[in-house]
Amino acid sequence: MAIGVSRLQESTEMKGDMTPMIDVVFQLLIFFMLTIKFKLLEGKLSAYLPKDVGVNQTQAEPKEKVEIKLKVEREGTKLMPDDSGAPWSGEGAYKYGPDRVVRYSVGPKSSNEMREIVARVKELFKIDPKGSVTIDPLPGTCYSDVVKILDEVILIGYTDVSFIGDKSALYDKK
Amino acid sequence: MKLTKSNASDEIAMDMTPMIDVTFQLIIFFMLLMDMSQKDLETLVLPKALSAEEDKPNPLDPRPVINITADGRILVKREVYFDPEHDDGYKKLKEYLLMRARAMPKAPVEPGSTIIAPDKPILVRADQSTPFKHIQKVMEICGIQDIKIWKIELAAGQEKPDKDAEEGGN
Numbered sequence: 626m627a628i629g630v631s632r633l634q635e636s637t638e639m640k641g642d643m644t645p646m647i648d649v650v651f652q653l654l655i656f657f658m659l660t661i662k663f664k665l666l667e668g669k670l671s672a673y674l675p676k677d678v679g680v681n682q683t684q685a686e687p688k689e690k691v692e693i694k695l696k697v698e699r700e701g702t703k704l705m706p707d708d709s710g711a712p713w714s715g716e717g718a719y720k721y722g723p724d725r726v727v728r729y730s731v732g733p734k735s736s737n738e739m740r741e742i743v744a745r746v747k748e749l750f751k752i753d754p755k756g757s758v759t760i761d762p763l764p765g766t767c768y769s770d771v772v773k774i775l776d777e778v779i780l781i782g783y784t785d786v787s788f789i790g791d792k793s794a795l796y797d798k799k
Numbered sequence: 211m212k213l214t215k216s217n218a219s220d221e222i223a224m225d226m227t228p229m230i231d232v233t234f235q236l237i238i239f240f241m242l243l244m245d246m247s248q249k250d251l252e253t254l255v256l257p258k259a260l261s262a263e264e265d266k267p268n269p270l271d272p273r274p275v276i277n278i279t280a281d282g283r284i285l286v287k288r289e290v291y292f293d294p295e296h297d298d299g300y301k302k303l304k305e306y307l308l309m310r311a312r313a314m315p316k317a318p319v320e321p322g323s324t325i326i327a328p329d330k331p332i333l334v335r336a337d338q339s340t341p342f343k344h345i346q347k348v349m350e351i352c353g354i355q356d357i358k359i360w361k362i363e364l365a366a367g368q369e370k371p372d373k374d375a376e377e378g379g380n
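The listed protein sequences derive, respectively, from chains B and S.
Going left to right, the first sequence walks through residues 626 to 799 as my numbering numbers them.
Going left to right, the second sequence walks through residues 211 to 380 as my numbering numbers them.
Source of the hints: derived by calculation from the structure; they are not laboratory data.
Remember, it's a predicted structure, so these values are computed and weren't measured experimentally.
Keep in mind that the hints are not guaranteed to be accurate.
Some chain B residues near chain S, calculated using beta-carbon distances under 8 Å [as the list claims (entries may be wrong)]: (1) V649; (2) V650; (3) P762; (4) T766; (5) D776.
Where a beta carbon is used, it is the ideal one built from N, C-alpha and C, also for glycine.
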């Protein structure tokens with residue numbers, strides 16, 4: 626009799642239905658797999674800070690550098706960051722409209738057209754492909770202005786790109 | 211008759227344990243990975259760049275990620291490290307970068323150079339409309355004698371090249 630009861634209990638334990646749990650687990654797995662993809666769509670642009678300023682007191686070996694200056698001539702209208710073209714609501718993130726004018730200078734060459742400056746930098750790259758570029762964003766420039774020119778410089782082929790900081794701009798509090 | 215009964219009981223006894231184990235491991239892995247990336251990356255509108263390389267951070271060797279919003283607030287792992295409204299002279303950010311720089315491996319800045327500095331980069335993520343002076347300030351702090359971080363990565367959205375356009379330029 627005792628043997629019969631224990632056999633019955635064993636068979637009851639075997640019948641535990643795992644299907645709902647597996648369903649939930651798979652749903653969770655699919656959710657995490659889908660959401661995690663969105664965080665990996667970013668890229669990065671590598672650059673350097675001056676090695677002879679702040680890093681060490683010793684003078685670095687002087688090198689021929691291409692210096693690109695950025696100066697904002699017209700700030701432009703602020704628009705919503707999506708592609709709707711709607712004016713900025715006054716809260717949160719914004720982007721500048723197509724009427725924003727940035728003047729780029731490379732040596733004596735100066736232009737509002739990115740294409741002209743890129744052509745000049747390409748000429749300089751042909752002369753010295755191992756040279757380096759310094760980007761000097763003047764007060765008023767924003768992150769996207771700098772990324773645009775940095776992107777072009779990297780596409781031309783320069784690998785040594787560094788920044789100059791205008792310290793007067795750093796302490797300018799609005 | 212007996213043979214048929216034993217076959218039926220074999221089908222019920224199919225062992226799901228290894229599959230459930232593996233599935234749970236995967237869920238834990240994705241949860242941890244997602245949590246870390248979300249903490250590091252603030253929601254910002256990044257400018258797009260054609261030359262942006264795919265960012266593949268090593269989860270076992272996390273690098274400092276500095277987020278800068280359009281209004282100049284500096285955030286690290288969702289915590290505000292500098293707020294222009296409550297200027298503390300970037301004290302908290304300096305302390306953080308100093309701590310991270312000390313933990314980084316050091317190497318000469320160029321082959322044969324006597325200048326030794328941290329050999330790892332920091333990632334700066336800023337909103338597309340963030341005034342560049344805020345990023346310059348972070349760069350300036352990186353250049354402080356005790357920190358000496360000189361490798362910098364600027365985050366940008368990856369832009370697919372336009373096959374129709376032969377010439378680059380805006």
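Checked hints:
For V649 of chain B, the shortest C-beta to C-beta distance to chain S is roughly 10 Å, which exceeds 8 Å, and the interface hint is violated. With its C-beta approaching chain S no nearer than about 5 Å, V650 of chain B sits inside the 8 Å limit, and its interface hint holds. Taken as an interface hint, P762 of chain B checks out: its beta carbon lies about 5 Å from the nearest beta carbon of chain S, inside 8 Å. Interface hint status for T766 of chain B: upheld, as the beta-carbon distance to the closest one in chain S is roughly 5 Å, under 8 Å.
Interface hint at D776 of chain B: satisfied, since its Cβ lies 4 Å from the closest Cβ of chain S, which is below the 8 Å cut-off.
Violated hint for the displayed structure: number 1, the only one.
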